[in-house]
Each structure stands twice: as C-alpha cells, then as structure tokens.
Amino acid sequence: MQLVLFNVTNGLIIGAFYVLMALGLSLILNLSNVINFAHGNFLALGGYLAYTLTPTLGYWGALLVAPLLTALIGLAVERLMIRRVYNRDPVYSLLLTFGFAFVMQDIARYVWGPNGLPLGLPDFLSQPISAELFFVTWYRVFMVFVVIVVVLGLFAFLRYTRVGVRIRAGTLDLETVASLGVNISFLRTFNFALGCFLAGLSGVLAAGQIGLNPNMGDDLLMPSFIAIIVGGVGSLIGTLFGGLLIGMAAALTTVFYPSASEAVIYAIMMLVLLFRPRGFMGEEGMMS
Amino acid sequence: MTAALTAEGLHTYYGKSHILHGVSLEVAEGKITALLGRNGAGKTTTLRSLMGLTPAREGKITIFGEDTTRWPTFRVAAAGVGYVPEGRRIFANLSVEENLMVPLERGGPWTVERIYQLFPRLAERKQNRGRQLSGGEQEMLSIGRALLLNPKLLILDEPSQGLAPLIVREVFRIVQQMKAEGISVLLVEQNARMSLEIADNAYVLDDGIVVYSGPARELAADEARVRALAGASAEEWT
Chain S
1 MQLVLFNVTN GLIIGAFYVL MALGLSLILN LSNVINFAHG NFLALGGYLA
51 YTLTPTLGYW GALLVAPLLT ALIGLAVERL MIRRVYNRDP VYSLLLTFGF
101 AFVMQDIARY VWGPNGLPLG LPDFLSQPIS AELFFVTWYR VFMVFVVIVV
151 VLGLFAFLRY TRVGVRIRAG TLDLETVASL GVNISFLRTF NFALGCFLAG
201 LSGVLAAGQI GLNPNMGDDL LMPSFIAIIV GGVGSLIGTL FGGLLIGMAA
251 ALTTVFYPSA SEAVIYAIMM LVLLFRPRGF MGEEGMMS
Chain U
1001 MTAALTAEGL HTYYGKSHIL HGVSLEVAEG KITALLGRNG AGKTTTLRSL
1051 MGLTPAREGK ITIFGEDTTR WPTFRVAAAG VGYVPEGRRI FANLSVEENL
1101 MVPLERGGPW TVERIYQLFP RLAERKQNRG RQLSGGEQEM LSIGRALLLN
1151 PKLLILDEPS QGLAPLIVRE VFRIVQQMKA EGISVLLVEQ NARMSLEIAD
1201 NAYVLDDGIV VYSGPARELA ADEARVRALA GASAEEWT
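Keeping their order, the protein sequence lines are chains S and U. Using the working numbering, read the first sequence as starting at 1 and increasing by one per residue. Using the working numbering, read the second sequence as starting at 1001 and increasing by one per residue.
These are calculated hints, taken from the structure and not from any lab test. Virtual Cβ for every residue (Gly too), placed ideally from N, Cα, C. Any given hint might turn out to be false.
To list a few chain S residues with every Cβ distance to chain U over 12 Å, as calculated [unchecked claim]:
no. : residue
1   : D89
2   : I148
3   : V149
4   : N215
Derived CB-CB ranges, DEER-like [claimed, not checked]:
no. : chain 1 : residue 1 : chain 2 : residue 2 : range
5   : U       : E1124     : S       : F155      : 36 to 44 Å
6   : S       : D89       : U       : T1006     : 31 to 39 Å
7   : S       : G120      : U       : R1070     : 48 to 56 Å
8   : S       : R88       : U       : E1097     : 32 to 40 Å
9   : U       : E1008     : S       : L57       : 33 to 41 Å
10  : S       : G99       : U       : G1214     : 56 to 64 Å
11  : U       : E1008     : S       : L271      : 53 to 61 Å
12  : S       : L95       : U       : A1180     : 30 to 38 Å
13  : S       : L64       : U       : A1028     : 55 to 63 Å
Some but not every residue of chain S turned toward chain U, in silico, with C-beta under 8 Å [as the list claims (entries may be wrong)]:
no. : residue
14  : L96
15  : R162
16  : V165
Extracted from the complex, chain S is given alone in its bound form (with noise of 0.2 Å):
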C-alpha cells in the first residue's frame, strides 16, 4: 500500500512538472507555431540561475527571480532568433530551436560545470510530513502547492486580463488581432517570455528534488511535447489534464512493472494518435 502511495504522490509531482513545462511549450506553439526545443534548457536556466542567486538572496528569493530573469533571457533570444522565422515554414523554428538547445546545454556545461549540483533548500522543506509517510517531505507537499497556485494563476491571466484575452484571440486568428491595432509583435515576444518563466520555475523546483545537470530538462521535454499531444494542442486545459494523465500512468506503471513506465506514456501518445488524433481536448479549443 505504502508502494502504491509513494508513486501515486511522486505520479502527481512528475505530472505537476510536465504540467508547468507542457503549458509553456504550449503556449508558445498556440501563438506562433514554433516547436521550442530549447525548453528543456531554459528549465535548465532556471534551476542554475537559482544556484547561482541562493547564497545573495536566499532561496525564496531565488525561486522568484531566478524565473524571472529566465523569462528575461527567453525575451532576448526570441528577439534577436525566433521572430525571424515566424513566416517560415514551422520546420525552420524546430531546427532553429533544435540548435540552440545543444547551445545552452554546453552555455550550462562551460558556467556550471559537467557534474551535478545541489540546490539547498531551508530545512523545514527536507523534513517528512509524518513518521508514516516518511517519503513524503515538505518540499513534496510544497512544489505540488506552488504548481497549483501558478497554473491556476496563468488561467485568470488568461481569463480576466487583456493581454492574456489576446494571446487566446491569436491563438484562434492572430491576423484578426492584429488588425485590431494590437502589437502582435510584442504579444509573441511577451507570449515567448511567458512560457520561459514556467520552464524557469519547473527548474527551480525539480533542482531542489534531484539537483542540477546541464541536461536535467532533456528528460522532461519529450514528456511535455506528449502531454500536449494527449490534452489536443490548442487546449491548455487539455494540456493540463493531459500532463496530469501521463505523470500518473508512468508512476502507476513503475508499481507494477517498472521497466514499462517510460514506454506506456509513447503508448498512451500512439493511442491517442490513432484513436482520437484532435487529443482529448484538442475540439474545443483552447480554454474551452
């Protein structure tokens, strides 16, 4: 029983992770159809750059800005990279991305070092919540808290405010936007930074659960692009849900027949390819 908790708990954690990585990739590729394959290395960026900001300002301090400043250099690199393909054929920003994820990858490797790193956290977060449930710590209960608070945070911006009305109305017709005296521009670059700040924060979080290393985020992109693929692409909901979905099967399956865990989520991908290609929420569209 105690098995079965422990993964359904780490199920939930590992889920909450694709969640936050799946809804930045997917927001990115709602708005301007670019596959960024340098996501896993801007989750990488944000665990570093908390290590590296830990000791000045503490690790509440770094868990706020470190995304923050990630989010910051998503800014510059779709500035001076990414828009320039946007009229291009999406193959051009895949290759494109593709590229500079190796880049960042070696950026990490040359600043921080090919070995693991460590990120401290306050001990209060390294204590189990009970002698019961000693795999359990605080930091568990705490991250699943924080990516609760941040998703539900992104679907009221989305809801209620201008700026996050507008990027749903170009994911539907960006043209359309545009012709309504709306910088389309700038909402792609905000859009691009937006989606930067979450992979940061997934990093800041998953280093304080199994350190830092410069490919740490590689093991989470595929994931991610499958949870967005499973919820339908254009729904964040469905990317929500499908995140949640595929983090549970893997850690359910590692109950039972733990070598399969990585492969049922490729399964549950090819199903949902062959079964229903739109994605559980891909009809509805976006928010719906």
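Fit chain U to the given chain S structure using the hints.
Chain U alone, transformed into the frame defined by chain S:
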C-alpha cells in the same frame, strides 16, 4: 475636401497571381465611399492591401496624411482604421465580452457600454461564445469590435453577406450612423443598390482595375450598370 485615405497605383499579388493592376482610390473625410464589383474583382484584396494584411508590391497608400504603405497591420489599425473583415472573423471560442477586450484601447467616445447600447442584443449575449451567435449577432460583434478602436476610418468588407434582409437594413442604418458620427467609411459590398443609396462616392472594380469612379448618385442613375453590378445575389434583397 481632404482625404482620409488615398491609394495610388496598387499592384498586389497572391503568390504569383497578379490580382490588383494599379488600383487607385480615395476615401473622402466624413463620407461613405462604396467599392463595388463582381465576385473576384479584387475588392477584398484591395482592402487587405490597405490594411497591410496582403501588402501591395507597388503603389502608395496614404492614411490621414501618413505614408502607411510598408506599415504592419497593427500600426495601420492603431492609426485609427477600424476593419470589419469578410466573414466577420470573430473569435469563436471567446465570449462576446472577451471579443470586445481584444481591440487596442485608443481612447475616444466608443466604450464597451456604448457598444452594448448600440447593439442591445450583444449585451444579452455577453457570456455566449462567438460560435453560438447568429450571423447578424456576429456582424454586430465584428462592427462593435472595430468601433472600440475608436476609428476615424471604418473599412467594412461585405457586412451584409449571408444576412436576412431585415438585418441587412439594420447594418446599413448603422453605417449611416457612423457617417453621422464623423467617421469616414469605405464599404465593400455585393449589394450595389443599397450601397449606392447611402454612399457619397463610388468605385467599381473589375479584374483588379478601377472601371468607374465618381459620385454614387451618378452611378445609381445608370440602371443598366447597377443591374450588371448587382448580379443575382444582391437582387434577391432588393
């Protein structure tokens, strides 16, 4: 009389096909200018060129005295040009309220409250998604959305398309009201007869060339020409 918009010798292409062959036209300030022509004459392409959506390869566009030829669409719109596109293009997944949150806030007499006053039907359907609206309601939303930009020039692409006769009359009434508010209007229509009733000036486009330009009244008096222009589709409504 000053011009809100002047286009000189526009040549526009879709890929390799040459659609506009040197279109020139002028929208006088505070007047309604009708742009008429058969299907495929290049009316929508002309409007798309003016908005920078399908930029002209040659020619010059001046809007309120500024050369906007190379401007991106959002800049043209932000200069005070409201655009009601063909097919209305409302955001289907967004509610009426959210659709009205999209336009740039340029400041001016038009507010969301005033749009709801102008179109009480939209106020009743605030929470409904765009796709749940009728064609008439969608048209109102598309016009309302463009008005929120507080435009000095309003460009409408076939606002009566696919609407019931009663709603068509309503749409034309609103276009006249916009003129009364001091907004210059460029109106593309299939419905030649009704357009000429409210327009001050008219242009007729055929195969990407301007074949008539002059006072709307003069064109309206030429019964044979109007009949040819109106074609079957518009004739049904009049």
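How the hints compare with the structure:
no. : hint                         : result
1   : D89                          : holds, 15 Å
2   : I148                         : holds, 24 Å
3   : V149                         : holds, 24 Å
4   : N215                         : holds, 37 Å
5   : U/E1124 / S/F155: 36 to 44 Å : violated, 27 Å
6   : S/D89 / U/T1006: 31 to 39 Å  : holds, 37 Å
7   : S/G120 / U/R1070: 48 to 56 Å : holds, 54 Å
8   : S/R88 / U/E1097: 32 to 40 Å  : holds, 35 Å
9   : U/E1008 / S/L57: 33 to 41 Å  : violated, 59 Å
10  : S/G99 / U/G1214: 56 to 64 Å  : holds, 59 Å
11  : U/E1008 / S/L271: 53 to 61 Å : holds, 59 Å
12  : S/L95 / U/A1180: 30 to 38 Å  : violated, 55 Å
13  : S/L64 / U/A1028: 55 to 63 Å  : holds, 56 Å
14  : L96                          : violated, 22 Å
15  : R162                         : holds, 5 Å
16  : V165                         : holds, 4 Å
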